[in-house]
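Novice: Listed below, chain by chain, are the residues.
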Amino acid sequence: MLTREQSFEQMLLGKTIKPEGWLGNLRLNAQSSAKALSFPSERHDDWRLTDLSALLQHSFAPVDSYAALTQEDIAPFTIAGTIRLVFVDGCYALDLSDVSQANDAIVVGALTERLGDPSVEKDFARLAGVEADAFSALNTSNFDDGAWVQVSGEVSAPIHILNIATQRETPTAIYPRALVVMQANSRATLIEDYAGVGEGVRFSNAVTEIVLHDHAQLQHIRVQRETSKAFHFGHCTVESGKGSVYTSTALAFGGRVSRHSLHVTLAGEGAESTLNGLALIAGRQIADTHTLIDHAMPRCTSNQLHKCIADGASHAIFSGKIMVREGASATDSEQSSRNLLLSGKAHIDTQPQLEIFNDDVSCKHGATIGEIDADSLFFLKSRGLTEERARNLLTHAFAAEIIEKIPVQSLVSSLSKTILDERMKAGV
Amino acid sequence: MINKDSKVLLEVKDLHATVDGVEILKGVNLTIRAGEVHAIMGVNGSGKSTFSKVLAGHPDYTVTAGTAQFEGKDLFTLEPEARARAGLFLAFQYPVEIPGVSNSALLRLAYNTLQEECGQEELDPLEFDDLLQEKIKIVEMDPAFLSRSVNEGFSGGEKKRNEILQMAVLDPKLAILDETDSGLDIDALRIVANGVNKLRTADNAVVMVTHYQRLLNYIVPDYVHVMSGGSIVKTGDKELALELEARGYDWLKAA
Chain D
461 MLTREQSFEQ MLLGKTIKPE GWLGNLRLNA QSSAKALSFP SERHDDWRLT DLSALLQHSF
521 APVDSYAALT QEDIAPFTIA GTIRLVFVDG CYALDLSDVS QANDAIVVGA LTERLGDPSV
581 EKDFARLAGV EADAFSALNT SNFDDGAWVQ VSGEVSAPIH ILNIATQRET PTAIYPRALV
641 VMQANSRATL IEDYAGVGEG VRFSNAVTEI VLHDHAQLQH IRVQRETSKA FHFGHCTVES
701 GKGSVYTSTA LAFGGRVSRH SLHVTLAGEG AESTLNGLAL IAGRQIADTH TLIDHAMPRC
761 TSNQLHKCIA DGASHAIFSG KIMVREGASA TDSEQSSRNL LLSGKAHIDT QPQLEIFNDD
821 VSCKHGATIG EIDADSLFFL KSRGLTEERA RNLLTHAFAA EIIEKIPVQS LVSSLSKTIL
881 DERMKAGV
Chain H
34 MINKDSKVLL EVKDLHATVD GVEILKGVNL TIRAGEVHAI MGVNGSGKST FSKVLAGHPD
94 YTVTAGTAQF EGKDLFTLEP EARARAGLFL AFQYPVEIPG VSNSALLRLA YNTLQEECGQ
154 EELDPLEFDD LLQEKIKIVE MDPAFLSRSV NEGFSGGEKK RNEILQMAVL DPKLAILDET
214 DSGLDIDALR IVANGVNKLR TADNAVVMVT HYQRLLNYIV PDYVHVMSGG SIVKTGDKEL
274 ALELEARGYD WLKAA
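Residue numbers (our numbering), protein chains in the order written: chain D, 461 to 888; chain H, 34 to 288.
These are computed hints drawn from the structure, not numbers from a lab. Predicted model only: the values in this text are computed from it and were never measured. We treat Cβ as the ideally placed atom computed from N, Cα and C, and that holds for glycine. Heads up, none of these hints are tricks.
Once the Cα atoms are required to be at most 20 Å apart in a straight line, the calculated SDA-like pairs of lysine to any residue come out as:
hint, chain 1, residue 1, chain 2, residue 2
1, D, Lys781, D, Thr761
2, D, Lys689, D, Glu629
3, D, Lys877, D, Glu864
4, D, Lys877, H, Glu155
5, D, Lys877, H, Ser137
6, H, Lys170, H, Ile219
7, H, Lys267, H, Leu285
8, D, Lys689, D, Arg744
9, H, Lys192, D, Leu837
10, D, Lys877, H, Pro158
11, H, Lys192, D, Ser836
12, H, Lys192, D, Asp835
13, D, Lys877, H, Leu142
14, D, Lys865, H, Pro132
15, D, Lys877, H, Ser180
16, D, Lys877, H, Ser135
17, H, Lys206, H, Ala67
18, H, Lys192, D, Asp833
19, D, Lys865, H, Glu185
20, D, Lys877, H, Ala138
21, H, Lys37, H, Lys271
According to the in silico footprint, chain H covers these stretches of chain D (three or more CB under 8 Å from chain H):
hint, segment
22, 834 to 844
23, 853 to 861
In silico negatives: residues of chain D with every beta carbon more than 10 Å from chain H:
hint, residue
24, Leu488
25, Lys495
26, Asp505
27, Thr530
28, Asp577
29, His673
30, His675
31, Gly703
32, Arg716
33, Gly730
34, Thr761
35, Gly787
36, Asp809
37, Glu831
Generate coordinates for the entire structure from the input sequences, incorporating the hints supplied.
Specialist: Below, the structure written as structure tokens:
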């Protein structure tokens, strides 16, 4: 087993950086920041609950060749009617992408094709926290390519950023990246999707930055459905402008160990945010969700519902902080953490946190942990359903409250079906 | 309809059962044949609801003595789902709300589970919907209830109607209605009772567990049993229910 520092150093130094131009300099700065920060220690407050020993069994090297996938390979993950950008092991796959649904209110494509574009350079790596977050710095140093989305008006087709990891002989580290800029008064739906083909060991370290200018509205769906031996860290930062509306629905199903951190800064007066989250795991999976909603301006609202469902010997972690800054008067915030334990060996940690530096606020929060309701189980069994099917149905029902918030019906249906079928097959 | 030659569906002998170590049933004996309607009456705490839950296999109750044969099978060796598949149905006194599971999805899942059990083809959602449209007429239910979550936000009467809809879809051999009349206004009571009457055949049987004679005006029983202190202390015909209504239960208290 590697130490945290060794693991991190291998990933960091496995990549050669050309010290050229704007991006070269950015990478070098990120690299030195990553070196200085290194892998957070197990005593770090944000990391102490996350057991990373499974990750540290492996040495991850960057991908050195492009893996060609076919439309057939990605078919299980595509969503009809979307503007689709496909990234294979972090590299843009033009042949698998389909932007024919795009209208003139959107510019989409690969980040590397946009180097030199001032609107990219203005926001890229601005929010990711390269100076403070080791894995953001590592991504910024090492990423191959990423998605660039700029929305200037109303875009009705959902934007699907599909990140697919492939099977390789040795463990690989990949670095998905996305920058989404919602210009004033624009509206769009974004689906950020992480999946894989083949059961290889890989480490996806993803960074997403989202800017909402005044009165922009974004529905942001995040689906983490990585394969069972994959490791996944995702870091998303959102900056919400005046009167903007940001809605996130983040689902974590896959991966051996996964972590999702979502930081939303309500940076303009009257910004609204809704964060829905679901982690549904079994076996020896670990799923960690860290969120921060930063009320920096007056009259902003945040509403959060996070659910964890843990079966087998899995471990789900939710840490959700609501910060209300000094000047953020008339803040309205509500947070709820609801959790379902399906097995005596599973484990759920939930840590709602409020930090309030202001008197003029309304903040509610609560957390519950429960098991499958015995009366409901008996009722379903009395209607002929086996114990297993009844438990699956109740588990799915608990998850459905979050999944059904996704405004793309075909995705809701396919995810629901997967959950019901997979769990039935697995017999958990 | 009493026919002494018809098949015995359920035969309960000297049934004793406990909950949390307290004995509630203290020797229940009951025989039910196909085509019959039975009413089990009694005051609160007499054991009548416990009896229905024990038959359905509720995990809170422990059978400590006695037997129950359902069409010759030992009921107490079967899990609740196996009892349902064998044709036993319990309409719940307090129907459970299940947010996130649509009524039609549950009904289809339950129906197909039974189809699978008897080697019949499962129905896809469209085929099942045709069946369901017929079944909801039996309980005069608004089709809008089918797409809603099971019992969530339903009124008391709607929940009870929903139980009878489940009965209509599952077509059990023996239906036990646990205080299905409680909390119903007169219109809802009539609808529920009509529904049950439409589902009666010479091959199935109904057990109504109730406090009140009122329901028995609509579903006329062949036998009325009075439970007291955990056993059946008197059995009669529908006239017994009227007598109970007039005289109360005190004169029948278990020794």
